[in-house]
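Chemist: Below, each chain spelled out in residue letters.
Protein chains: 2
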Amino acid sequence: MDRLPGFRDFYPEPLPHPDVWSADARQYIFDKWRAAARRYGFREYDGPPLEPLELFTTKSGEEIVGQLYNFTDKGQREIALRPEMTPTLARMVAAHERNYKKPIKWFAIPQLFRYERQQKGRLREHFQFNADIFGEADVAADAELIALLIDTLRSLGLTAQDFIIRLSSRNAWQEYFSQRSSDETKAYEFYQIIDKLEREQPETSKAKLAALGFSYDEITSFIKAGQPTAELNAILQNLAARGLGDFVKVDYQVIRGLAYYTGVVFEAFDQKGEFRAIAGGGRYDNLVKLISGGKVNLPALGFGMGDVVLFELLKSRGLLPKFEAGLDAFCLIEDETLRADSLKLIQDLRAVGYAVDYSLTPAKPDKQFKRAQEIKAAHTIKLERTATGELSARMKNLNTREEKVFAPADFAPHLSPKS
Amino acid sequence: MDRLPGFRDFYPEPLPHPDVWSADARQYIFDKWRAAARRYGFREYDGPPLEPLELFTTKSGEEIVGQLYNFTDKGQREIALRPEMTPTLARMVAAHERNYKKPIKWFAIPQLFRYERQQKGRLREHFQFNADIFGEADVAADAELIALLIDTLRSLGLTAQDFIIRLSSRNAWQEYFSQRSSDETKAYEFYQIIDKLEREQPETSKAKLAALGFSYDEITSFIKAGQPTAELNAILQNLAARGLGDFVKVDYQVIRGLAYYTGVVFEAFDQKGEFRAIAGGGRYDNLVKLISGGKVNLPALGFGMGDVVLFELLKSRGLLPKFEAGLDAFCLIEDETLRADSLKLIQDLRAVGYAVDYSLTPAKPDKQFKRAQEIKAAHTIKLERTATGELSARMKNLNTREEKVFAPADFAPHLSPKS
Chain B
561 MDRLPGFRDF YPEPLPHPDV WSADARQYIF DKWRAAARRY GFREYDGPPL EPLELFTTKS
621 GEEIVGQLYN FTDKGQREIA LRPEMTPTLA RMVAAHERNY KKPIKWFAIP QLFRYERQQK
681 GRLREHFQFN ADIFGEADVA ADAELIALLI DTLRSLGLTA QDFIIRLSSR NAWQEYFSQR
741 SSDETKAYEF YQIIDKLERE QPETSKAKLA ALGFSYDEIT SFIKAGQPTA ELNAILQNLA
801 ARGLGDFVKV DYQVIRGLAY YTGVVFEAFD QKGEFRAIAG GGRYDNLVKL ISGGKVNLPA
861 LGFGMGDVVL FELLKSRGLL PKFEAGLDAF CLIEDETLRA DSLKLIQDLR AVGYAVDYSL
921 TPAKPDKQFK RAQEIKAAHT IKLERTATGE LSARMKNLNT REEKVFAPAD FAPHLSPKS
Chain X
561 MDRLPGFRDF YPEPLPHPDV WSADARQYIF DKWRAAARRY GFREYDGPPL EPLELFTTKS
621 GEEIVGQLYN FTDKGQREIA LRPEMTPTLA RMVAAHERNY KKPIKWFAIP QLFRYERQQK
681 GRLREHFQFN ADIFGEADVA ADAELIALLI DTLRSLGLTA QDFIIRLSSR NAWQEYFSQR
741 SSDETKAYEF YQIIDKLERE QPETSKAKLA ALGFSYDEIT SFIKAGQPTA ELNAILQNLA
801 ARGLGDFVKV DYQVIRGLAY YTGVVFEAFD QKGEFRAIAG GGRYDNLVKL ISGGKVNLPA
861 LGFGMGDVVL FELLKSRGLL PKFEAGLDAF CLIEDETLRA DSLKLIQDLR AVGYAVDYSL
921 TPAKPDKQFK RAQEIKAAHT IKLERTATGE LSARMKNLNT REEKVFAPAD FAPHLSPKS
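If you're matching them up, the sequences are chains B and X in order. Per this note's numbering, the first sequence runs over residues 561 to 979. Per this note's numbering, the second sequence runs over residues 561 to 979.
The set of hints was computed from the structure by calculation and includes no laboratory data. Since the structure is predicted, the reported quantities are computational estimates derived from the model, not experimental observations. Warning: the hint list may mix true and false statements.
A pair counts as met if it fits within one copy or between any two copies, since identical chains are not told apart.
In silico BS3-like links for lysine-lysine, alpha-carbon gap of 30 Å or less [said to hold, decoys possible]: (1) K756 / K956; (2) K930 / K784; (3) K875 / K784; (4) K882 / K592; (5) K927 / K832; (6) K661 / K882; (7) K619 / K634; (8) K592 / K936; (9) K768 / K619; (10) K746 / K766; (11) K662 / K882.
Looking at chain B on its own, in the form it has when it is part of the complex (with noise of 0.2 Å):
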């Protein structure tokens, strides 16, 4: 009996096999991501992986239904697993957004499930990283989130050179668009077309930018200008003044596929371009007051990043360290009369934060030391009786070979812990 195609299996490493993913690296990813968005003041909140159909499809249209993991439930509900965050959250936001103080930053480490058509190593769930600031619409807000997404590539080990973020504006498109074209319906179709120009054919574009009546050779010019505007000019100051200014290029390329963004949006690439999108996201000002069926109006700005590529891009850049068990000592129980004072010993050391392990049953002293040297604990720790009978406790460093003897009830001072 197999997983379901399109999902992973997590294993401690070292990984059994190519096919299955580290937890490991996974909660070494989770972990960095809740740390930066701690230091930014973000708090965690979380939402049910099931939710109404209606609650996605109120957001993206009956289209989405085609990529939902959807069904009819026993009660006759219709019901999806959640395909991203954001809906969740402004419903989570409108229901009692009069009980938080303005702005609200939150963020959440949601898994995500797609019911896409399955191809070669393509996954129908990943786990991604959501911030949102609900409550303001000064850029200051924006400048903000799109700080929190570069440190937490940075803290990863991530540098300049090997990510960059491409800011863009709807607003900009918006603008673009309106003087030349006064038929408003047309504007979303149009901003389809500008999101497909990196992967579609010029010809393409070309006649279908002139079925709208705009210029493909204006709009590239356009692009490649890329003179920012009054708003994408604060956000880069505003970057620059924190030192972040190498990380974000204007680049109008980016627009942002979805039909909800509403103001600058961006997306974070790998600078060799080997990956898809590590992160994307933008405004959505309109958002909670759709949800909230009008009740509530709050602007809202946000990004999500995946962990598939994420993890991909680490792997390639040599930054996921090798993971262990991370004991902080082996207890070696060579004489079986000593078993319980040595379980006493480990029970201890483990109360005051230390991580042991033990051979569960009677082993030859060998094979307990190549046990404590295979899952790299950094200390050995054993009990012997003295010439009077007393019980005293060997510490050995496994890395330095240096050796200490106390008497039990002094030992845990001893050890340096792990973290």
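Keeping the supplied structure of chain B fixed, place chain X upon it in accordance with the hints.
Modeler: Frame of chain B, contents of chain X only:
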């Protein structure tokens, strides 16, 4: 639009409504679970929240389907949201156990789902701490696992006055049964009656037991005597050696309803008997063989501890901390000409690990200070321009009211980090 019945929204504290759950308390509990597991040398794993339906029916029979979130996916697969972690774990271990030294000690914190008929306050999802050991048949493994269970609860502030582990044995009951009946096919039916003894009317149990040829009175005497078997004695002695004897008692009333347990079984209860079981587990030496279709045979044991009962217990005992944003500093920007320099200071502090927030847009000094107090920042920091035009930073400890003035470059080392 509201969330589905039986699902939870997790918000940052202070909570906006009695109907929602604390994301902070959840993370606090997860951190304690993870830390306890690591102190005991357990490694983290995870699997997919969706699995083939067959994985669960193989283990628990077709009757489990009535309690599952199961459906047919767009690829015509019969699938289910996981109601428990053990089948996934057994599948994962069976697939790659050769690559791991025994005993395998693993843990996970999965979200689990059950489609039970909706009752007031009854949830359809919860998170569960799962810890399991594979490849060790000796009861030393049972003792190690129970010690982890005890220490996990102790790390949350619970004492022997708060909870007790009721220790029992399928082997003891198997022996009891075999000595009195020659029809082994009735054994599971017999266990089910024992499992319900506490909840059913004595007359009902008496009749059911008589139908199988057993004496209710003899059974209640057997339970009351609570004579430990040799294997239970070994566990009690092992735990006593660790100083954990007060946390455990033999109680044959506990038998665990599930069919697959094979040896020692146990449940953790609050001492006042106010709540359902806090945790439960035992040996399941045949499950890996069953799930792997006979390919792999490994003794196994484990426990599960849900977040819901635990949360209620901790809350009722006053053992949940009050959670705040946990900021090290709030930066006051009283002079807007200093905003760019303030952003740099904030960035530098965050870069060395401090959690810092500030007003994204210009605000009156008293409003900024109020915000710093509201979010319980440990310090305020403020840039000032000296008479000679140079910058200095003023730090105020909001508890002690102590103030210090530094050059910005010297500032970071003077703030003590939260963690």
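Chemist: If a hint holds in the structure, say so; if it does not, say that too.
Modeler: Results for each hint:
no.: 1; hint: K756 / K956; in the structure: neither (62 Å within a copy, 52 Å between copies)
no.: 2; hint: K930 / K784; in the structure: neither (62 Å within a copy, 46 Å between copies)
no.: 3; hint: K875 / K784; in the structure: neither (32 Å within a copy, 59 Å between copies)
no.: 4; hint: K882 / K592; in the structure: both (16 Å within a copy, 24 Å between copies)
no.: 5; hint: K927 / K832; in the structure: neither (48 Å within a copy, 46 Å between copies)
no.: 6; hint: K661 / K882; in the structure: between (42 Å within a copy, 18 Å between copies)
no.: 7; hint: K619 / K634; in the structure: both (25 Å within a copy, 22 Å between copies)
no.: 8; hint: K592 / K936; in the structure: both (23 Å within a copy, 23 Å between copies)
no.: 9; hint: K768 / K619; in the structure: within (26 Å within a copy, 56 Å between copies)
no.: 10; hint: K746 / K766; in the structure: within (16 Å within a copy, 77 Å between copies)
no.: 11; hint: K662 / K882; in the structure: between (41 Å within a copy, 21 Å between copies)
Going down the numbered hints, you'll see the structure goes against 1, 2, 3, 5, while the others check out.
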